[in-house]
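K.L.:
One-letter residues, chain by chain:
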Amino acid sequence: MKKLLSSLHPLERKVLPYLKEGISLNELVEKSKMKEIEVMRSLQWLENREVLKINLKVKEVVSLDVNGKIYGKEGLPEIRLLKELKSGDKKTSEFKLDKDEVNISIGALKKKAAIDISKKDNELILSITEQGKKLLDKESFEEKLLKELPLELNKLSPEQKFAYDNLKTRREIVKVDIVKDRSISLTKVGNNLLKEKIGDLQVVENLTQKMIKDGSWKGKTFRPYDIKINVPKINAGKRQPYLKFLNDMRVNLISLGFKEMKGSLIESEFFNFDVLFQPQNHPARTWTDTYHLKQPTHGGLPDSKIVNAVKGAHETGGNTKSKGWGYKWSPIIASQLMPRAHGTAISGRTIASGVKVPCKYFAIARCYRPDVLDATHLIEFNQMEGFVADESINFKTLLGILKQFAIEVAGADKVKFYPDYYPFTEPSVQMSAKHPELGWVEFGGAGIFRPEMVEPLGMNVPVMAWGLGIDRLAMFKLGINDIRYLFSTDLKWLRGMGIV
Amino acid sequence: MPTIDISLKDLQKLMGFDITFKELEEEGILYVKGEVDAFEGDEIKVDCKETNRPDLWSTEGIARQIAPYYTKNKGVPKFDIKKSKHEVIVDKGVEKIRPYFVAAVIKNIKVTDELIKQMVQLQEKVCMTYGRKRKEAAIGLYDYDKLTFPMKYVVVDPEGIKFVPLGFKIEMTPGEILEDHPKGQEYKHLLDGFKKYPLVIDSAKVVASLPPIINSDYTGKVTGNTKNLFVEVTGNDLGVVKVALNVIVAALADRGGMIESVKVKYGGKTIVTPDFKPNKIIVEYDFLNKVSGLGLKVNVMKGLLEKAGYDVVVDGNKFKLEYSSYRQDILHPVDVAEDLLIAYGYNNVEPVIPKIATVGELDDFEVFCEKVRDYMVGLGGQELLTFTLTNRESLFDKMNVEDWGCVEIANPVSSQWSVLRNWVLPSMMEFFEKNTSEEYPQQIYEVGDAVVLDEKKETKTKDVKRLAWAYSGQEATFTYVKQVLDYLLRGLNVKYEVVDVEHGSFIEGRVGRVVVNGKKIAYIGEVNPQVISNFGVKMPTVAFELNLTDLYELL
Numbered sequence: 044m045k046k047l048l049s050s051l052h053p054l055e056r057k058v059l060p061y062l063k064e065g066i067s068l069n070e071l072v073e074k075s076k077m078k079e080i081e082v083m084r085s086l087q088w089l090e091n092r093e094v095l096k097i098n099l100k101v102k103e104v105v106s107l108d109v110n111g112k113i114y115g116k117e118g119l120p121e122i123r124l125l126k127e128l129k130s131g132d133k134k135t136s137e138f139k140l141d142k143d144e145v146n147i148s149i150g151a152l153k154k155k156a157a158i159d160i161s162k163k164d165n166e167l168i169l170s171i172t173e174q175g176k177k178l179l180d181k182e183s184f185e186e187k188l189l190k191e192l193p194l195e196l197n198k199l200s201p202e203q204k205f206a207y208d209n210l211k212t213r214r215e216i217v218k219v220d221i222v223k224d225r226s227i228s229l230t231k232v233g234n235n236l237l238k239e240k241i242g243d244l245q246v247v248e249n250l251t252q253k254m255i256k257d258g259s260w261k262g263k264t265f266r267p268y269d270i271k272i273n274v275p276k277i278n279a280g281k282r283q284p285y286l287k288f289l290n291d292m293r294v295n296l297i298s299l300g301f302k303e304m305k306g307s308l309i310e311s312e313f314f315n316f317d318v319l320f321q322p323q324n325h326p327a328r329t330w331t332d333t334y335h336l337k338q339p340t341h342g343g344l345p346d347s348k349i350v351n352a353v354k355g356a357h358e359t360g361g362n363t364k365s366k367g368w369g370y371k372w373s374p375i376i377a378s379q380l381m382p383r384a385h386g387t388a389i390s391g392r393t394i395a396s397g398v399k400v401p402c403k404y405f406a407i408a409r410c411y412r413p414d415v416l417d418a419t420h421l422i423e424f425n426q427m428e429g430f431v432a433d434e435s436i437n438f439k440t441l442l443g444i445l446k447q448f449a450i451e452v453a454g455a456d457k458v459k460f461y462p463d464y465y466p467f468t469e470p471s472v473q474m475s476a477k478h479p480e481l482g483w484v485e486f487g488g489a490g491i492f493r494p495e496m497v498e499p500l501g502m503n504v505p506v507m508a509w510g511l512g513i514d515r516l517a518m519f520k521l522g523i524n525d526i527r528y529l530f531s532t533d534l535k536w537l538r539g540m541g542i543v
Numbered sequence: 002m003p004t005i006d007i008s009l010k011d012l013q014k015l016m017g018f019d020i021t022f023k024e025l026e027e028e029g030i031l032y033v034k035g036e037v038d039a040f041e042g043d044e045i046k047v048d049c050k051e052t053n054r055p056d057l058w059s060t061e062g063i064a065r066q067i068a069p070y071y072t073k074n075k076g077v078p079k080f081d082i083k084k085s086k087h088e089v090i091v092d093k094g095v096e097k098i099r100p101y102f103v104a105a106v107i108k109n110i111k112v113t114d115e116l117i118k119q120m121v122q123l124q125e126k127v128c129m130t131y132g133r134k135r136k137e138a139a140i141g142l143y144d145y146d147k148l149t150f151p152m153k154y155v156v157v158d159p160e161g162i163k164f165v166p167l168g169f170k171i172e173m174t175p176g177e178i179l180e181d182h183p184k185g186q187e188y189k190h191l192l193d194g195f196k197k198y199p200l201v202i203d204s205a206k207v208v209a210s211l212p213p214i215i216n217s218d219y220t221g222k223v224t225g226n227t228k229n230l231f232v233e234v235t236g237n238d239l240g241v242v243k244v245a246l247n248v249i250v251a252a253l254a255d256r257g258g259m260i261e262s263v264k265v266k267y268g269g270k271t272i273v274t275p276d277f278k279p280n281k282i283i284v285e286y287d288f289l290n291k292v293s294g295l296g297l298k299v300n301v302m303k304g305l306l307e308k309a310g311y312d313v314v315v316d317g318n319k320f321k322l323e324y325s326s327y328r329q330d331i332l333h334p335v336d337v338a339e340d341l342l343i344a345y346g347y348n349n350v351e352p353v354i355p356k357i358a359t360v361g362e363l364d365d366f367e368v369f370c371e372k373v374r375d376y377m378v379g380l381g382g383q384e385l386l387t388f389t390l391t392n393r394e395s396l397f398d399k400m401n402v403e404d405w406g407c408v409e410i411a412n413p414v415s416s417q418w419s420v421l422r423n424w425v426l427p428s429m430m431e432f433f434e435k436n437t438s439e440e441y442p443q444q445i446y447e448v449g450d451a452v453v454l455d456e457k458k459e460t461k462t463k464d465v466k467r468l469a470w471a472y473s474g475q476e477a478t479f480t481y482v483k484q485v486l487d488y489l490l491r492g493l494n495v496k497y498e499v500v501d502v503e504h505g506s507f508i509e510g511r512v513g514r515v516v517v518n519g520k521k522i523a524y525i526g527e528v529n530p531q532v533i534s535n536f537g538v539k540m541p542t543v544a545f546e547l548n549l550t551d552l553y554e555l556l
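First to last, the sequence lines map onto chains A and B.
Whatever position you read off the first sequence (first residue = 1), add 43 for the working numbering.
Whatever position you read off the second sequence (first residue = 1), add 1 for the working numbering.
Derived from the structure by calculation, the hints contain no laboratory data.
This one's a predicted model, so the numbers in the text were calculated from it and none came from an experiment.
Do not rely on the hints blindly, as some may be mistaken.
[To be verified] Straight-line distance between alpha carbons at most 30 Å, and here's what the computed BS3-like set of lysine-lysine pairs gives:
1. K73(B) <-> K97(B)
2. K496(B) <-> K281(A)
3. K459(A) <-> K298(B)
4. K84(B) <-> K354(A)
5. K439(A) <-> K298(B)
6. K136(B) <-> K371(A)
7. K278(B) <-> K366(A)
8. K371(A) <-> K189(B)
9. K439(A) <-> K303(B)
10. K371(A) <-> K163(B)
11. K163(B) <-> K93(B)
[To be verified] Facing chain A, according to a computed beta carbon distance under 7 Å, are these residues of chain B, among others:
12. K34
13. V292
14. V350
15. I357
16. D364
17. G382
18. F388
19. L390
20. N392
21. R393
22. V452
23. L490
24. R491
[Said to hold, decoys possible] Output of the computed footprint for chain A on chain B, the stretches with three or more beta carbons under 8 Å from beta carbons of chain A:
25. 45–52
26. 372–380
27. 414–426
28. 430–442
Glycine included, every Cβ here is placed at the ideal spot set by N, Cα and C.
Put together the whole structure using the sequences plus the hints.
P.N.:
Shown next as structure tokens:
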């Protein structure tokens with residue numbers, strides 16, 4: 044009981060002395076001189092503490108409406124009209140009442156045979172009857188009711204009901220309101236609580252700067268709060284979930300000894316395709332498979348030494364011991380610009396810029412392909428791309444590095460390798476990884492760069508390279524089925540998304 | 002990457018071995034760089050990943066390549082060719098239009114449903130992918146017994162002759178076919194600009210075809226009653242058309258057809274086709290072991306290469322290899338190395354993690370951007386990732402500014418994604434547009450890429466990382482947006498000043514340009530209510546956009 048007492052909010056304390064069985068909210072407001080909302084809140088808290096129960100009764104209450112309030116003071120218009128008639132007959136225009144009131148009154152009085160109506164000069168003349176005079180002698184049920192209101196509708200006496208029925212047909216004299224009547228009943232806890240002396244206990248409500256400074260908090264009890272209470276939600280700043288995922292990938296790769304490389308979103312076909320030994324008439328270079336630009340259309344080409352070496356590789360194999368594709372290579376086609384179609388363009392540029400062997404590089408590359416945006420396709424996407432150049436690179440070590448990725452980066456527990464084809468790698472391989480929850484997933488393509496690709500760029504040791512589609516993995520990690528959520532424009536979803 | 006339909010029963014028959022579906026799916030199909038895409042009963046859909054081996058795009062081709070792993074077959078598949086007197090005379094007129102013509106005759110073939118199905122599919126895949134949509138190779142198949150030799154490959158005026166095109170009932174001129182026949186409409190661009198069209202016609206003046214558009218209905222219809230076939234391929238490169246012809250002929254021979262050669266006369270020069278003379282390559286076996294890392298013995302490698310379809314002669318430290326005439330994918334010894342590895346089985350190779358000592362390193366600018374992102378989260382911003390593709394209306398019109406030029410896509414999938422953004426704030430406004438029913442205030446930011454035109458660069462463009470920050474809510478004030486930018490710039494230890502500027506996206510008198518060391522790096526202000534309304538938003542909004550690429554260079 045003591046604990047309960049000390050945990051009371053000041054408002055609860057304030058209302059406590061006025062509590063008694065059956066007391067209504069209105070009475071409490073009146074007696075405690077607190078605001079209704081304060082009383083209400085403290086009663087709700089006390090109800091949560093099982094001190095009392097709030098009983099809610101819904102009543103229909105009849106009360107005076109706009110006209111009713113006036114008539115209550117001045118009397119009903121028909122009575123006032125009758126009173127005026129007592130001193131003699133009158134034309135309708137001669138009354139002090141306004142025109143509406145006169146009209147209403149004539150109807151009501153005619154019904155009760157209290158007046159006679161005649162006509163002269165196109166105007167009605169009213170005169171009081173005997174019945175009318177009798178009416179003036181005693182108070183009508185309607186007049187009486189106006190003085191008695193407000194009353195509960197279903198507690199009206201037969202006379203009151205009769206008067207109410209008459210008045211409710213008339214304009215804005217009476218109205219019926221739904222009134223929620225709250226009263227309390229005390230529980231056993233409540234009854235015991237009321238026996239306690241509440242004034243004695245000193246509890247601290249808010250800890251203030253001053254109290255800490257002067258030490259006055261010492262020895263005092265802090266009012267315990269209802270810590271289970273629901274609080275309003277707030278929205279704070281947060282990282283984008285997919286970017287967070289990509290960053291984690293970055294950190295993983297750094298820890299495996301990779302350097303991050305950068306490229307340009309707009310690339311020449313030279314670095315998108317030619318450097319990658321993709322012949323210029325290859326179907327994958329057509330408009331249906333890649334974007335082309337309207338503005339700007341053509342860019343420049345790099346160092347002529349590289350350009351000539353690439354041209355040689357395409358036409359005759361050049362110095363690469365290859366037969367080449369055997370066609371006439373065009374620098375014009377190569378200088379056409381396009382949004383980067385794959386991350387391998389970045390690897391090509393990096394190798395062409397001259398790297399120190401051994402080296403490991405990676406990039407998270409935004410790429411563009413002409414797809415329609417839907418639940419399984421994006422108009423732009425991210426590829427995780429990279430290469431390792433070292434004398435020790437061969438097919439066995441290629442598979443070793445891939446397996447390491449699958450396990451360390453993607454959390455897979457098994458891998459399988461399949462022969463595949465890419466224009467710029469030979470041997471080429473596609474890896475499937477078995478994720479403990481996701482099952483077998485196509486993980487990406489890899490291979491050893493063709494000599495026709497790397498030798499013209501000045502690289503003379505084997506280079507293994509990979510390009511992994513990371514979207515599916517991201518979707519799994521983020522628990523989403525619709526790929527568009529990687530680039531979500533849904534603020535509700537972003538706000539609700541946990542840190543992954 | 003063609004996808005083809007095959008029948009398991011048909012495959013078993015052609016292989017001479019009852020391979021099970023499981024064996025095929027888990028092992029056999031890997032020998033042709035294939036993958037079982039789907040299957041239903043006997044019908045199997047196969048993805049063929051190798052785009053340079055048209056010989057593998059048929060049941061016949063797959064059977065030929067994988068049979069050695071299950072039967073006694075080995076080495077280069079051999080085809081018997083009977084010399085014949087059949088002639089084709091090539092007119093000089095075709096030289097500038099579609100110069101090359103090669104052909105073969107197949108005798109005594111039993112035309113089954115499966116054969117027709119595979120032939121239609123193989124022709125289509127070869128013409129589409131290897132033949133670059135018929136540009137480099139178009140194939141015609143005819144009922145040999147309806148033709149009178151010698152055949153002629155000539156040119157004709159668009160209205161110079163009439164014949165019934167395949168699948169039609171009325172006679173049409175070549176000109177009419179190009180305009181009105183579905184195949185004519187589809188491929189007429191290949192004859193664009195020519196006054197005359199190529200035509201294959203026999204000595205009795207019966208039209209065989211109008212290459213590369215369509216065959217004639219009379220000669221070009223192959224049915225169960227057809228006993229002997231005439232096959233021709235036209236194109237612009239002799240090597241390409243010879244490969245396409247061999248691919249078709251080899252498949253027909255695998256089904257029991259007898260091959261007869263055809264003499265093709267080009268003026269004074271005559272070539273005889275088909276020609277199955279194998280190609281040659283010499284590979285050092287040390288090289289193969291270097292690429293594979295397997296350290297295999299010479300005779301083991303020899304056995305594997307023979308299974309992969311090579312004839313192998315060991316010569317000192319080298320293999321002298323021969324391989325099928327129709328294989329165009331072997332350009333370099335690495336291609337042989339891959340064949341060897343496929344024969345060995347990728348999953349029989351033990352993965353080894355190489356010991357390569359390198360030090361990991363993040364990109365410095367990326368690290369800087371991360372720092373900025375952390376600041377923005379600390380200030381209460383929800384980070385966004387939005388597309389760089391957008392449209393002019395969003396970049397300029399709705400933002401109430403003049404179009405100052407951007408990278409434009411020539412073949413957009415939708416006009417909605419037709420340019421690359423050159424600033425990021427419009428993406429923030431689009432985001433607000435989509436979230437008007439979500440609770441306010443909304444505070445968002447993105448460190449995102451924008452692409453600007455730059456004549457001096459090799460790509461005529463420059464990628465710029467920009468931080469766009471925006472706050473939408475009743476309390477949006479200039480003071481607040483300036484406080485946020487100030488907090489960030491102080492944190493980055495940047496001294497700046499804000500100067501007056503006019504900018505249509507912002508309210509006049511409530512917009513500034515942020516200058517660091519004389520360089521203008523950001524706009525900041527209260528967003529113009531017209532702009533807010535253009536995006537269908539009803540909340541006051543403040544924003545800034547900061548060029549991080551420029552800022553980083555100043556630090």
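K.L.:
Restraint: F388(B) near chain A, CB-CB cut 7 Å. Satisfied or not?
P.N.:
Hint on F388(B): holds, closest Cβ of chain A at ~6 Å, below 7 Å.
K.L.:
Just to be careful, I want the Cα atoms of K371(A) and K163(B) compared with a cutoff of 30 Å; is the pair within it?
P.N.:
violated (38 Å)
K.L.:
Can you confirm whether the C-alpha distance between K371(A) and K189(B) stays at or below 30 Å?
P.N.:
holds (25 Å)
K.L.:
Classify the hint on L490(B) as holds or violated, based on whether any CB of chain A lies nearer than 7 Å to its CB.
P.N.:
violated (18 Å)
K.L.:
Given G382(B) as an interface hint, is the shortest Cβ-Cβ distance to chain A below 7 Å?
P.N.:
Holds, about 5 Å.
K.L.:
With chain A as the partner, please determine if N392(B) meets the hint condition of a C-beta pair closer than 7 Å.
P.N.:
violated (12 Å)
K.L.:
Sort out whether K97(B) lies within 30 Å of K73(B), counting only the CA atoms.
P.N.:
With a Cα-Cα distance of about 48 Å, the restraint between K73(B) and K97(B) is violated, given a limit of 30 Å.
K.L.:
With the threshold set at 30 Å, check whether the alpha-carbon distance from K459(A) to K298(B) stays at or below it.
P.N.:
holds (25 Å)
K.L.:
Given the hinted pair K278(B) and K366(A), is their alpha-carbon gap at most 30 Å?
P.N.:
This hinted pair holds, its Cα atoms lying about 18 Å apart.
K.L.:
Let me know if the C-beta of V350(B) comes in closer than 7 Å to any C-beta of chain A, holds or violated.
P.N.:
holds (6 Å)
K.L.:
With a cut-off of 7 Å on the beta carbons, see whether R491(B) makes it to chain A.
P.N.:
violated (18 Å)
K.L.:
Quick check: do three or more residues in the segment 372–380 of chain B have a beta carbon closer than 8 Å to a beta carbon of chain A?
P.N.:
holds (count 5)
Checked against the numbered hints given earlier, this structure breaks hints 1, 4, 10, 20, 21, 23, 24; the rest are met.
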